Every structure is written in C-alpha cells, then in structure tokens.
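Undergrad: Sequence:
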Amino acid sequence: MIQQLRVTLPNVPGSLGGMVAVLAEANVDMKALAVSDRGPGDHGEASLIVSDVKAATSALEQSGHAVEVSPALAVEMDDRVGGLSPVLAALAAAGINVKQLYAFVSRVEGKSLAVLSLDETDKAREELERKGFHLLESRSLEGGSDADEPYLGDHLGVDFIW
Numbered sequence: 001m002i003q004q005l006r007v008t009l010p011n012v013p014g015s016l017g018g019m020v021a022v023l024a025e026a027n028v029d030m031k032a033l034a035v036s037d038r039g040p041g042d043h044g045e046a047s048l049i050v051s052d053v054k055a056a057t058s059a060l061e062q063s064g065h066a067v068e069v070s071p072a073l074a075v076e077m078d079d080r081v082g083g084l085s086p087v088l089a090a091l092a093a094a095g096i097n098v099k100q101l102y103a104f105v106s107r108v109e110g111k112s113l114a115v116l117s118l119d120e121t122d123k124a125r126e127e128l129e130r131k132g133f134h135l136l137e138s139r140s141l142e143g144g145s146d147a148d149e150p151y152l153g154d155h156l157g158v159d160f161i162w
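For the sequence shown, the numbering used here begins at 1 and goes up steadily by one.
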C-alpha cells in the first residue's frame, strides 16, 4: 500500500503552480500528479504521490493548503492495450468501487502502473493479491524491504520516505 496526498486548491490561475513551488522549496519530488475540477464551485483537487509524505504535508499545511493523506494501491500491469481491464474486472467482481484512478508508464520496461483510491482498500488489496496482481509498496530509505517485493521506487526511480 502507498500513501497519496490530496490537496484542495482554489480554482484560480496560479494556485497549482503555487502548490508545486511549495513542494519544490521543501525539496519534495512529485512522482505522480492528477488534478481535477470538482464541478461547480471554486475549488479543485490535486492528488499526488511524492518522495516524502511528511515533508510535503508539513510544507503544504504551513503554506495554508488543506491536505489529506490517504491509502492507495499501486498496481503493476503489462504496458499493452487493455492492460488495465483485468484489474478493473477483478475489483468489479468483488463489488469494490473505484473512487479515483490515474495510470502512467513505468520506468520498468514493459510495465505500467495504476494508482487507485477505493471504497475498501484492504479488501481490494486482498482480492488483487489473490488474483495474482503485483501491488507495489513504499519503503523507507533507512529500513528497505525484501529484495523480491515489488517496490514503487523501481518504477518511479526514487526511494520513498513515509
């Protein structure tokens, strides 16, 4: 399981750039970013995977941003047409709703990643693992992890500090 930041942003020019500047000033690297307009109103939302959740949260909160840290799953898939379909089919068959998804190509040859926010994250994790999907984990720079465990930093080129 990984941690995702959700940042509420005013829906005005420059607010996204301001958030990005805050993270850069805190030396936090964004590894994935999705931005959405939340419909009629004056706010949007940025969802991020970052190199250092604690530093990012602290810097953003100090600059006046509302930040929520939430669990998410990062699923490794083959980078091919329809590669996401089996993941979504497994979740649907288990009755698990996808609240948010953003996908991107991995630095690992032939692989893509999908970051999913779900109604039932633990149930989804169990179901996807049971079906043989590779779920990626974060690991501390200090602690490391089992070398055989799929690791998010291998795909994004970074070690993560949680």
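No wet-lab data here; the hints were simulated from the structure. Any given hint could turn out to be false.
As the list claims (entries may be wrong) - Straight-line alpha carbon distances no greater than 30 Å define the calculated DSBU-like cross-link-like pairs of lysine-lysine that follow:
#: 1; residue 1: Lys54; residue 2: Lys111
#: 2; residue 1: Lys111; residue 2: Lys123
#: 3; residue 1: Lys131; residue 2: Lys99
#: 4; residue 1: Lys99; residue 2: Lys54
#: 5; residue 1: Lys54; residue 2: Lys123
#: 6; residue 1: Lys54; residue 2: Lys31
#: 7; residue 1: Lys31; residue 2: Lys111
#: 8; residue 1: Lys99; residue 2: Lys123
#: 9; residue 1: Lys111; residue 2: Lys99
#: 10; residue 1: Lys31; residue 2: Lys131
#: 11; residue 1: Lys31; residue 2: Lys123
#: 12; residue 1: Lys111; residue 2: Lys131
#: 13; residue 1: Lys99; residue 2: Lys31
These numbers were taken from a predicted model, which means no experiment stands behind them.
Undergrad: Take the hints in turn and mark each one as holding or not.
TA: Structure-based check of all given hints:
{"no.": "1", "hint": "Lys54 <-> Lys111", "result": "holds, 28 Å"}
{"no.": "2", "hint": "Lys111 <-> Lys123", "result": "holds, 24 Å"}
{"no.": "3", "hint": "Lys131 <-> Lys99", "result": "holds, 21 Å"}
{"no.": "4", "hint": "Lys99 <-> Lys54", "result": "holds, 24 Å"}
{"no.": "5", "hint": "Lys54 <-> Lys123", "result": "holds, 26 Å"}
{"no.": "6", "hint": "Lys54 <-> Lys31", "result": "holds, 15 Å"}
{"no.": "7", "hint": "Lys31 <-> Lys111", "result": "holds, 16 Å"}
{"no.": "8", "hint": "Lys99 <-> Lys123", "result": "holds, 14 Å"}
{"no.": "9", "hint": "Lys111 <-> Lys99", "result": "holds, 23 Å"}
{"no.": "10", "hint": "Lys31 <-> Lys131", "result": "holds, 27 Å"}
{"no.": "11", "hint": "Lys31 <-> Lys123", "result": "holds, 26 Å"}
{"no.": "12", "hint": "Lys111 <-> Lys131", "result": "holds, 18 Å"}
{"no.": "13", "hint": "Lys99 <-> Lys31", "result": "holds, 20 Å"}
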